[in-house]
Structure formats: structure tokens, C-alpha cells
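Chemist: Put chains B, C and D on the given structure of chain A with help from the hints.
4 protein chains.
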Amino acid sequence: MHIYARNMQLRVGIIGASGYAGMEATHLLARHPHATLAFLGSDRWAGRCARDVLGIDGEAGALVYAPPAAWEEAELDAVLLATPEDVSLQFAPRILEKGVRVIDLSPAFRKGGPAVYGLSERYRHRLADARFVANPGCYPTAILLALVPLLEARLLRPDEIVVHAVSGATGAGRRASEDWSFCELSDDVRAYGIFGHRHLPELRRILGEAAGEEVDLVFTPTLLPIRRGILATSVGRLVPGADADAVLQAYRSAYADAPFVSLAAAPGEVGIAQVVGTNLCRIGFAVQGNRFLACSAIDNLVKGAAGQAVQNLNLACGWDEGAGLRDLRRFRP
Amino acid sequence: MHIYARNMQLRVGIIGASGYAGMEATHLLARHPHATLAFLGSDRWAGRCARDVLGIDGEAGALVYAPPAAWEEAELDAVLLATPEDVSLQFAPRILEKGVRVIDLSPAFRKGGPAVYGLSERYRHRLADARFVANPGCYPTAILLALVPLLEARLLRPDEIVVHAVSGATGAGRRASEDWSFCELSDDVRAYGIFGHRHLPELRRILGEAAGEEVDLVFTPTLLPIRRGILATSVGRLVPGADADAVLQAYRSAYADAPFVSLAAAPGEVGIAQVVGTNLCRIGFAVQGNRFLACSAIDNLVKGAAGQAVQNLNLACGWDEGAGLRDLRRFRP
Amino acid sequence: MHIYARNMQLRVGIIGASGYAGMEATHLLARHPHATLAFLGSDRWAGRCARDVLGIDGEAGALVYAPPAAWEEAELDAVLLATPEDVSLQFAPRILEKGVRVIDLSPAFRKGGPAVYGLSERYRHRLADARFVANPGCYPTAILLALVPLLEARLLRPDEIVVHAVSGATGAGRRASEDWSFCELSDDVRAYGIFGHRHLPELRRILGEAAGEEVDLVFTPTLLPIRRGILATSVGRLVPGADADAVLQAYRSAYADAPFVSLAAAPGEVGIAQVVGTNLCRIGFAVQGNRFLACSAIDNLVKGAAGQAVQNLNLACGWDEGAGLRDLRRFRP
Amino acid sequence: MHIYARNMQLRVGIIGASGYAGMEATHLLARHPHATLAFLGSDRWAGRCARDVLGIDGEAGALVYAPPAAWEEAELDAVLLATPEDVSLQFAPRILEKGVRVIDLSPAFRKGGPAVYGLSERYRHRLADARFVANPGCYPTAILLALVPLLEARLLRPDEIVVHAVSGATGAGRRASEDWSFCELSDDVRAYGIFGHRHLPELRRILGEAAGEEVDLVFTPTLLPIRRGILATSVGRLVPGADADAVLQAYRSAYADAPFVSLAAAPGEVGIAQVVGTNLCRIGFAVQGNRFLACSAIDNLVKGAAGQAVQNLNLACGWDEGAGLRDLRRFRP
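Chains as they are written, first to last, in this note's numbering: chain A, 1 to 333; chain B, 1 to 333; chain C, 1 to 333; chain D, 1 to 333.
Since the hints were derived computationally from the structure, they do not count as laboratory data. Each residue gets a CB set at the ideal place from its N, CA and C atoms; glycine is no exception. Be a bit skeptical, because a hint or two may be false.
To be verified - Keeping only pairs whose Cα atoms sit at most 25 Å apart, straight-line, the calculated SDA-like set for lysine to any residue is:
no., chain 1, residue 1, chain 2, residue 2
1, C, Lys-111, C, Gly-196
2, C, Lys-111, D, Gly-289
3, D, Lys-111, D, Arg-204
4, A, Lys-111, B, Gly-289
5, B, Lys-111, A, Gly-289
To be verified - Estimated spans, in silico, between C-beta atoms of each pair:
no., chain 1, residue 1, chain 2, residue 2, range
6, C, Pro-240, B, Glu-75, 37 to 47 Å
7, C, Asp-243, D, Gln-288, 30 to 40 Å
8, A, Ala-69, B, Asp-245, 48 to 58 Å
9, C, Asp-179, D, Gln-288, 18 to 28 Å
10, C, Asp-243, B, Ala-46, 33 to 43 Å
11, A, Glu-214, D, Ala-70, 50 to 60 Å
12, B, Asp-129, C, Gln-90, 51 to 61 Å
13, A, Arg-252, D, Leu-89, 47 to 57 Å
14, C, Asp-179, B, Ala-265, 30 to 40 Å
15, D, Glu-178, C, Ala-69, 50 to 60 Å
16, C, Asp-245, D, Ala-70, 49 to 59 Å
17, D, Glu-178, A, Pro-84, 40 to 50 Å
18, B, Asp-129, A, Ser-177, 50 to 60 Å
19, C, Pro-93, B, Ala-265, 35 to 45 Å
What the hints assert, rightly or not - Here chain A is said to cover these stretches of chain B; the calculated rule only asks that three of the stretch's residues, wherever they fall, bring their Cβ under 8 Å from a Cβ of chain A:
no., stretch
20, 10–24
21, 160–174
22, 177–189
23, 270–278
With the rest of the complex left out, here is chain A (with noise of 0.2 Å):
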């Protein structure tokens, strides 16, 4: 087992690093401050290297694509998993096994067990000096970001929440069915997962966590012709004596030190667009009588997946934990 000193240069790999969530991880690693980009699993790209793939400038650039299993031989600190469950449930307890730190971005590890859940800003404290990560998946991470700390301070009710999530197709992975053609999911708009979403174990987990009670949750996720970003809407209702202003305090408390959480003035003011690119979760409420609504938006890739797995890195770490992260672009200029 290795004992690191604070800002030492770790080596970090990729496995499925050909995948949506492993393109945008090798972005980000590669431009990161301590880590030093030093695997990368694919079998699709063995061979290739990521300035051809992925545009990469300067040393990891060019770093080769290698086939998953060789990450043994890459001398690694830290692995981020970026691949599908069945394939985290086979490499996690190897690479932990050899004292390798782990990043699981699949729901393998989200139920529970011996994996910190990293929903980063709720279990800091729990994901310092982590060895092993569970990743959340993109809906769970702005659904729970808007409601967690409500229902910690006891100021929604549990037992009447509804949400509605909408996501870009880059949620899904990378598809070769037609169905997830362009000329089938453009100017289409569908709801899916109805009652059942895979998503759910997680979310009722960490909701019930916060509430201290089972929660009552309906999550309708909605498939959109864009490529990235979410926005979730999660309507619920106050407890009584609650009000907005004990909601905003609850956020305030809550986000204060959060570098990557970003309080709107109004629902209405959170827009995909001011998100996607950047590691950034936007929340804004309205209340009304004892109605409360909350619209909460992400890049499903950076704060869904890769950029929330480099966040949980640099807090296993020790490092700053928007390290890597703060001066991403956003898309929309």
C-alpha cells in the first residue's frame, strides 16, 4: 500500500475509455493538475493514441490505447472504471486487491456495501482518502443535490415527491441500434423507465439516508433530441412551518463551501446550456403555499459521470477538490 504526500503527481488510468463518460474522463485528466494520465483500457482503440482519437495535445496525447486487463503492467495509483456493470464487478476487486484506488462510474457498486457512494458535495467527508468509490449516475446526482438537503433538515415532506427528468442521448452510452439512430431519436421526445428506472435503488437509498424515513419517490426520466445535459424537476411539499426561506437557508448551509453547486434566483433561470461543459450542478426553488419545486440542471458526462469522478479523485486524494475542474468551458458561449 502506498502513502502519498499531498499534490505528489499520481498516476491515474481509464478503463472503457473509449465510452461517452471515458472520452470525457480522458479530457479531463489529461489537462489535470496532479494527476498524471497513465492508462488507457480499450479494446475498440488499442493501438490508437488520443491525440489521433480524441485531439489530446501535449504528453498524454501520446499515450497509447491498450487492452483493459494490461492496466497491471501501467504501475497506477487510481483506476476510474468507465464501463459497463457486469465489467466493474470483475476489475473493481482486482485492482483493490492491489492496493489501487478505485472510481467506479457503473451502478455495480451503488447499492450499498464497501463502496463510498460519491455524490461529492453530501459524503466529502466520507470520500477523504477513500480507496473505493461508487460513482452516482447522472440522474441521482441532480435529483439528490436539489432535495437532499431539504429532507436533512426536515423540511420536506417525504412521502410526496415527484420528479421529472429530461436527458440528452450521450446519457445512454454509445449505441448501435437503430432505435438510437439519428434519423428515430431525432424530434422525438419519449419517457421511459416508467415506476422502474435503474436509477431508483440509489435514489431512494440516499433520499431515505437524508430523511431518516423510507421515501416515497415517482422519477419519470424523458429522452430529448439533444446530445447533453439534464434538468430535473422535483416537485414535493413543505412540511408545515417550513418556507422558502428556511429552504434557501438549507441550501446556503448546505453548498457553502460546494465550488461546483450554483444557486439561481428561480427555477425559470436554470438552463441546460449554463452547465454543460462544466462539472457544475444549478438549482433553483419556488415555493408557493406548501408547494415546493425545485428545477436542477447538469452536464450528464462532467458533473454526471467523469467530471464528478475526478472531483471524488481529488477529495480521495487529498487535493483540492476542484482541482482539474474550475476553469472548464462551457459550451455555449
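Modeler: Same frame as chain A, but now just chains B, C and D:
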């Protein structure tokens, strides 16, 4: 006052013919079997003809746009007002006074009063021979068709309804502002009208009429970077004893003779692309415990505006309800 | 072999009915005044009906898709082959052998030979009573309609033609590959088929026939992240003595009786949105010195495929050339 | 007049900071290693800060927008004018007079005269220590980088060049008109500026300078319903004796030390998505007989505007040409 034999050819005019709903109405009436398009009122296009502006074929294509006030000389039997609220407030009484039928697409007369609320499937009997119709808003059309039969049948609790709806940008009409420019809207998604959208009053009124009591509704519209289509996701709770079978029965009974409502096997099988270009409303629902969820989709410019106006014209004139609307090709192959 | 009285109702089938061109043809023939849609061949959709799959109303909606080979039992008068080249090569001879008219939408028979090349406006006389038609490709339709009249009239030099054309993604048909996924195509633009697109042979053949000599052509197609529509920009040089008036005269003369060619005042007034959904080809040109430039636009699935196939069916059967095609509503209000 | 030591931190301002190019320049300069963003001139945003408006992090985020005329109090070493032509004509002389370096992004000074034409790769030597730079237009940047080396090397005939270029809508800047609304632009494609686009003069001037004689050019720009990116397809004829090898050699020699030009193996491997977000120009070519074709792609707001302006600032200040531009993440994972 005129008395019409069924299937006699009537002269119909459109005021506000250069707005998106007016243009759509022009296309529909140009090919209507019983209506003769006899007046196109638009200052913007005054002096040009429908063939040049909209590519309309045949006789209707030769019709020349005229200033709106010229409607009086056109010897019309009916007028579609595809005008802003304030213009409708001026024109409707004058036109009615002359014994000419009015179908108003603006919100001006949706609050109740002299006009029949033109949700065709719900108020078919009131619409028969109606002289004055207030055509519903686009969001209300999609939402009411999904909820009214269940409230009417006392299957759904009226105090727990949360509706989220996404809409294409044509729903807002022609806009000459920077906020509605391609560069600002594309790739962005935002909610708006939080707790106070202008369609709320008509939603509350018609839902309350169906439920026999006041309805507590949260309605959140969201603007999408697509041109056409609305998908409404309505979440509620069934009353004790109600179940999926009862819901299905209520829909089947309400829409037994409705040519433009189509039931899908599940909410996830309701897509905007299935209805854009047509006068259809497609509805799919699911039940889990006492939780109810329905997705309903329409084309905001057809069933949500010009198509339903023509459907109402058909009902008011005693024609086949689907005249001129049956064989509309959807825009997706 | 059958002998038809004009305007007798004929039985028409589509093989390859679940492809994009086949779906479009289904919509068109379902509402055709003289053709009865009598067979829909598709393995993919075998057993389902056109109402469920495409939302088609009326009798045609009840038609059930069948395996392609079942065409023989359907007592057809004509078949549209909306099939890949190799399938057309198999089916066409067998169908013709039975005395059934064939309109083939694939490139299989466009090289000359037994089939009449179905550029309707150019070969109207050959198409009258034709038993076998090779429907043109989508790019050639847009380009040939802009260039043939000028080469025929010896106004344009045949050795200096450079054509650039952009197309929506439906032009490539249904695709189940990652390269054609929404996430890969959206926001990207690329040229392809440089110096060797599969439509080049038919372009050279028909242009050469018009010019009376070989034509030197550079043709560069470019794929756009939109669903439908082709815009072709053709640049060339006029022969000495030719001018804008002569060009206009040539177009007017060539398209005097053409219901589906529309001349615009300038190339910049030719937009894809004006034609998508319709069978129109819109052409605008400009001349500067001896430089000539034309923009021409079509809907790749209508005038570029299924619409022109129906137009050719009309011509072959002696019906009105525009039967079933005149009142197609364009997709943009 | 100042004398700078290399790598000394300089104070740079942007006038026109709320336009698309100005916003992009703000993002770039906010993270530049040698420039301190010291002034943001915009009447529209006066009083707000860059963090609130653009989400910019760190010190630059605290910078408050001021009326353009306030530049004089900001003690600037250099100014980027991201202003309309007429505003640049007013501001540039006054700023230069004070000994402050000016990089003008408008067409005002591209006709030759006191300003160096800022096509970085071509005029790197003239740009060293330049006090006044006329930044090229977006289309010319993409086209000139593809053609200048070949004309310079006398490989391409100057009398047979046909260029077709497609551009995203941000190229036209912020627009508050209906014609530029989402509903009008989306799903449409049109050419414009036929035979007379405002970029033609600078194209002719720079191409002529490279060729040593006048160049006969047809240039047709086309507006696409996407936000960013230009793809230019240039077609011409090689001079006798020239071939693909000679072309490749000319490009390699011209761009041997160019960090932002990237050669692709073929024109079909040049896609807008590869460059959007970066300062790259990607070029691919093909030769068939004496026919030459090249595709070149840039991000119209980066290499086509703000990025090249920063590149020119780097060259003028004697900094590393790629400072602040090397690790720009492209917008597509």
C-alpha cells in the same frame, strides 16, 4: 342568421393567417371537403397569395391575403381567429354580431362565458351547432384528455396531481426576439411559468368541472429545442378501490367514438413523433399501487390549435368530425 | 397481361415497406385516388397492420404487412420496390414476368437497359404506359432538374460543372450502426463519397444524354444532422452568348407543364423547409458574367424517392401526373 | 509606448464582450497564462460580472462589465475589438493612438492598409510584434488555410476555384429578428450571399497575394441549423505536372510548425465535430486526375474568431503561439 344543410359547402375565413396556427389552419382548410377557404386576413402578407407564401395548391392557393378588417366583405359563414388575445377580444363580438360563427384560438374566451370550450372529445354535444367556440390551449388539450375521464369517473384524487409537460418552440408563436433566436434556444432546456402559467386557469376550471370539486394541480411546462409537439406526463394517486382496469375502462368509454384519441399500451410507447403532423392525441398510462402516471402527446399546432379548431368547426357545422383531418400524414416516415 | 381503362382503380403493392422510402410510399398510396394499396411486404413488420405501425387511417390502415414473397397472391397491377439493390435485382424480373408493372427505387436498373429512367419531368413521354421504371436517386433528382434543361439548350458548358449537395440523414435509410447514432451524427457535418458517390454514374449518363456529349462533373455530397431534405448547389459556366434570360427561358420551357417544379426568384430563396413534405423541386439561379449558379431543393423521401415513384406510377397508368401528390402539406407552417 | 519582457503578464481588454465572439474571447482570456483579463466592455451587461453572466471562475469571474468607452481607464496593453465594423472604425484609431495594441475581429481593416491581416499560420512573421491586427473572417480562415499553400506553390490553377461552405448560425452573431428565430431556422438550409458575400474581398486579396495573380473564385456560403462550425469544400484543378504528393508536400511544408492545423487522411475524415470547441483547422484533400478537392473545418467562434485573435495576440506579444489555446477540450466526447 343562416340555416345550413349538412354537407353544404361553407365559406370560412382565417384572421391571423400568418401566425403558425393560422398557417396550419390554412393548410387544413385548403383541403377540407366541406369548407371553402374564402378569406385570409394578415397585414404581414397582404397582397401575396397562399400559393406563393405556403406552397398551397389548387384554388385555395390563388387566395390573396388581405388586411384583417376586410373579412366583412368576404361573405363568410365562419371565421377562425388565430390572433393574439387582445385582437380576438376586439374581433369576436363584431363577427358574431353579423351572424358569423367564430372559433377563437386565443385564450380570450376560455374562462367560461358565452363561448363553448372546444375540447372536442369532452364537449362534443355542446359543440354541435355552437356559434362561438373558445379553442383550448395546447398544453390543456394534452393534459385534459389524459385526466378528465378519470376525474369524471372518480378514479383519481383531485388533490395530488403533478403535471410536467415539454413543448416544441412553435407553441410560443412567431418571435422576433433574441431570446427566441436559434443560437439561444438550441441545445438549451428550461422550465417556465412555474406555478403560474397562463394555461392554469383553464386547466383548473375544466378539471374541476370533471371532478365536481376543486383540483390541486402543479403544472410545469418546459421549452424544448424542437419545433413541434407536446408530451405531458401527469402523475397522481388513484382513489381507494380504483385500479388499472378501471382506468382503462374509463378511457375506453370516454373515447369509444373519438377518432383522434389513440390509446397506447404503456406511457413509454407515447412519442411526439407519432403525432406530429396529425390531429391525434396519444395516451398511455401505468399504475403502481395507488400511483397513476399517464403520458399524452399531441402536435401543438394541430390537435393543440388549428386541427382541433377544424374539428370544432366540423362539429359545429354538423359535418363528419374528422372531415379534412383523417388522412393527415405524420411528419415522420 | 391486363389492359386498363384510365382511372380504373388499380391494385398496387410495396415491397420493402418498412424502410423510410417504403413508409413514405405507404402514406402516399393510402390516400391515392386511383390506386388501392393492396400489399405491404416487410419481414420486419409481418403480421402488424399499417394503422398500428404508421397511424394510417381508413381501409389502408387495416392492411397487414406480409413477407415480401407473398406479393404473388395479392393480384397486383403494380409494385413499388423500395428495396436494396440486390433485392430489387431478384424481384423485378419475376414481377415483370407476371405482367405486373414495376417501379424500382433502388439503383439496380438506373444504368440504362430495359427500365425507363424515371425523372418524371424529363422523360414524361417515355414513362407513359411504361411497364418498368427505374426511379432516380435523390441527389440526381435535385441536380438533374437544375442542369438538364440548360445542357439540352446548350447554354451551359459541360466541362466545368461543380455540384455540392447537402442531405438529411434519412437519405441513407434505416441504419443500426453506431456511426449513424444520434450522438455521433448530431452537431457534425461531413462530406463523403468524394469523387466516387454511387449516384455519379446516373448523373453522368443523364447529363451526357442532355448535353449530347460527355459531362465533366465534380459532385460532393455532405451529410447534415437534419432528418429530411436535399439542397444542391450547382456551379458552372455559360457558353458564350448565353445569359440569364436564356436560362430563365430554358427553365420555363422545360417546366411549363410541370406541376412539381417551382422556380424561385434567386438561389437564396430556395430553402429545404419549403419543400420538405411535398413532391416539389424548387429551383433558383443566378448569373454573373459567364458564371452560373443554381440551388435546387427537394424532400429526399418524396420527390427524391416515394413521391416521384407515385408520379411515375401516375404517368405510367395514364392518370393525372399529380394524383395523390398535389395537396401534400409541407412540414413547416 | 511600452516595451515588454516576454512572459510578463499583460493587461488585455475586450470591447464588444457580450457578442458571441466576445464571450468566447472572455472564456479564453480568463484562463490565459500571460494575459490578465482587465476590461470587459459591453453596454448590455454593464454592471454585471463575468461569473454571473458566463459562469467564469476565479479572478476573471469577478470582473465587472463596463461601458465600452471606459476602456481608457483600464490601463490596458492590448484590446480585442469584437465589435461591428462601424464601431471598430471608431475605436481602433483612438486605442492605437494611446499606444495600445489592437486586434480587430470586424471586417473594418481587412482590406489591407495599416493592419496586419491576422491569418496566423500565413503571416506569422508579420504578426510578430504587430501593433494592429485585422483578424480574418471565419469563412476565409477555413478556406485560405486550405488553398494558400497550393497557390503559393503554384500547384493549383487560380482560375477554376469553386468553394462551398456551410456554417453554424453563431457565425452571424446575436440576432433579434424573426428570420433568425429557432422556429424559422431549424430544419431549414439555404445558401446566401450568392456571388457577393462580404468575405469575398479578403478571400480574393489573400488568395491573389499567394498566387501572384488574380484569382477567379466562386464562393457560396450556406446556413445550417446547427450552432457552431464551418466546413468548407474547395474544388479546383491542379496545374500540369502537379499531383497528390506535391500537394501533401506543400501542406506539410506550410504547416510544419503550425500547432493548430491538422491534416486528415482524406476529405471525408474532416468533420465539424472534431474541431468545435478548439482552435484547430483540420484539412483533408483528394486528387483525381487534375481535379483537386479539399475539405477544411474550423470552429467559427474559435479559430474563426476569438481563438485566432488570441493566437495573434500571442504572436504579437512574443508569447508561445498556443498559449491559452492548447488544451481546449472539443465539445464532443
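Chemist: So which of the earlier hints does this model not fit?
Modeler: The structure breaks hints 6 and 20; every other hint is satisfied.
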